[in-house]
Structure formats: structure tokens, C-alpha cells
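Trainee: Listed below, chain by chain, are the residues.
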Amino acid sequence: GAVVSQHPSWVICKSGTSVKIECRSLDFQATTMFWYRQFPKQSLMLMATSNEGSKATYEQGVEKDKFLINHASLTLSTLTVTSAHPEDSSFYICSARESGGNKQYFGPGTRLTVT
Amino acid sequence: QKEVEQDPGPLSVPEGAIVSLNCTYSNSAFQYFMWYRQYSRKGPELLMYTYSSGNKEDGRFTAQVDKSSKYISLFIRDSQPSDSATYLCAMSVGANAGKSTFGDGTTLTVKP
Chain A
2 GAVVSQHPSW
12 VICKSGTSVK
22 IECRSLDFQA
32 TTMFWYRQFP
42 KQSLMLMATS
52 NEGSKATYEQ
62 GVEKDKFLIN
72 HASLTLSTLT
82 VTSAHPEDSS
92 FYICSARESG
102 GNKQYFGPGT
112 RLTVT
Chain B
96 QKEVEQDPGP
106 LSVPEGAIVS
116 LNCTYSNSAF
126 QYFMWYRQYS
136 RKGPELLMYT
146 YSSGNKEDGR
156 FTAQVDKSSK
166 YISLFIRDSQ
176 PSDSATYLCA
186 MSVGANAGKS
196 TFGDGTTLTV
206 KP
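Protein sequence lines, in the order shown, are assigned to chains A and B.
Number 99 in the working numbering belongs to position 98 of the first sequence; there are no gaps in the numbering.
Number 101 in the working numbering belongs to position 6 of the second sequence; there are no gaps in the numbering.
Keep in mind that the hints are not guaranteed to be accurate.
Subject to a maximum C-alpha distance of 30 Å in a straight line, what follows is the list of computed BS3-like cross-link-like pairs (lysine-lysine) [as the list claims (entries may be wrong)]:
hint: 1; chain 1: B; residue 1: LYS194; chain 2: A; residue 2: LYS21
hint: 2; chain 1: B; residue 1: LYS97; chain 2: A; residue 2: LYS42
hint: 3; chain 1: A; residue 1: LYS21; chain 2: A; residue 2: LYS104
Covered by chain B, according to a simulated footprint, are these stretches of chain A (three or more residues, beta-carbon under 8 Å) [stated by the list, open to error]:
hint: 4; segment: 72-81
hint: 5; segment: 98-109
Simulated from the structure, these hints should not be mistaken for lab results.
Note that CB positions come from ideal geometry on N, CA and C, so glycine has one too.
Please construct the entire structure, taking both the sequences and the accompanying hints into account.
Mentor: Here it is, written out as C-alpha cells:
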């Protein structure tokens, strides 16, 4: 149980284009989902907290107009990287917290490469 | 100063050794404590989840929380090469209480 999927697992896009990453909780409902990015051999960096049916809360220094988050249902949150640039290349990981609980379950991550 | 401090390592041990991974924290309001394992290029996997002080055992893994010292540990017995990964501690104030605060992770290598 408690499986979180991400799609795609790997994407290459050209500079200036937008990329959408999906995060799904497969066997539980998640009122809250989190989006992280991770550079090689570095720690997780929380980008934003996504609550179903409301606007996401972004961490300091994260551009909300560049990283669009939508949490339209209790099992799906999406992150759209708009006008991507090479410096946005990173490993993006989502996690989902069970509704009414405290455990976070992570997705397998999405590797984004912007050329 | 970070809220959660974790020695980044790297830590290298021979197969079969007992491994001790530790985190310290400054926020006395933390009540829930987690350990995650992350293999290279994968998402973190929840290993242990504990509430308040005390010990919790699951197979070869034991999580220990000492709230009076603001110190948590993860022990791995009979370590295996497959335990080679980065281990992240995390903690939160309470259920449904927002985001967890993560340590930076300790990289462990178990040599056969």
C-alpha cells in the first residue's frame, strides 16, 4: 500500500518550452502533496506544499509563476515548469501525505533535462 | 543554524557491521520522527515512523528517539551491501501539521 507514482520518469525538453509532471497517490487519498527538487548529491529542497482544492504554498525563493502547481483531486497533483531553462534541469520528487495522517510517501522522481 | 542537523558522511562499513545514523534537532515541538532511505536516482522510501520518545524495531532496523536530548538514531544490524544508500531523517510537529523538516542525509556504503 501507500504507493505514489510520477509521470514522466524522465523528460528532455528544449529551452523555453513548458513541462508538466504528474504525481498520483494510487491507493490512498492525499489532502496534501509536496514538491521537491534535488540536485546531484544534495538534499531535498522543498519547493511548495499543495493542498487539494486550494492554492499551493511556495517556499521562499521559489517562483510561483514559473512552477505552477495544481492539486485538483485527492489523488493528483501536477507541477508545470513554464519556460524551462537549462538551470531548471534537476530531479523533481513529489510526496503525498495521507489524509488525516502524518506519513509522507514519495514518488520515484522525475528527471528533467532542459537543453 | 538548521532545525535538523545530520552528519552527511560518507560512512563506509564492512558487511555485517552495525551502523548508527544520527540526527539532532532544535525544535522541541517535534513529535513525529521518520527515517527514509533513498537509493541513487530514486525517491525516498519511508523506513521507520515513530511518535515521541522511545525505541521501535522493524527487522534489522531500530529507531530511537530521545526527546530530552533532541537526538534521534537509526541502527542497522547485520548491514548488507543492499543497505548502501542515503538515509534521511525527518520530523514534524504533529499530524496534519504541515511539512516535515528533513535532514540533509547521510550516505552509507556497505562493502562486501
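Trainee: With reference to the structure, classify each hint as holding or not holding.
Mentor: Checked hints:
no., hint, in the structure
1, B:LYS194 <-> A:LYS21, "holds, 23 Å"
2, B:LYS97 <-> A:LYS42, "holds, 19 Å"
3, A:LYS21 <-> A:LYS104, "holds, 26 Å"
4, 72-81, "violated (count 0)"
5, 98-109, "holds (count 10)"
In the structure shown, a violation is registered for the earlier hint numbered 4 alone.
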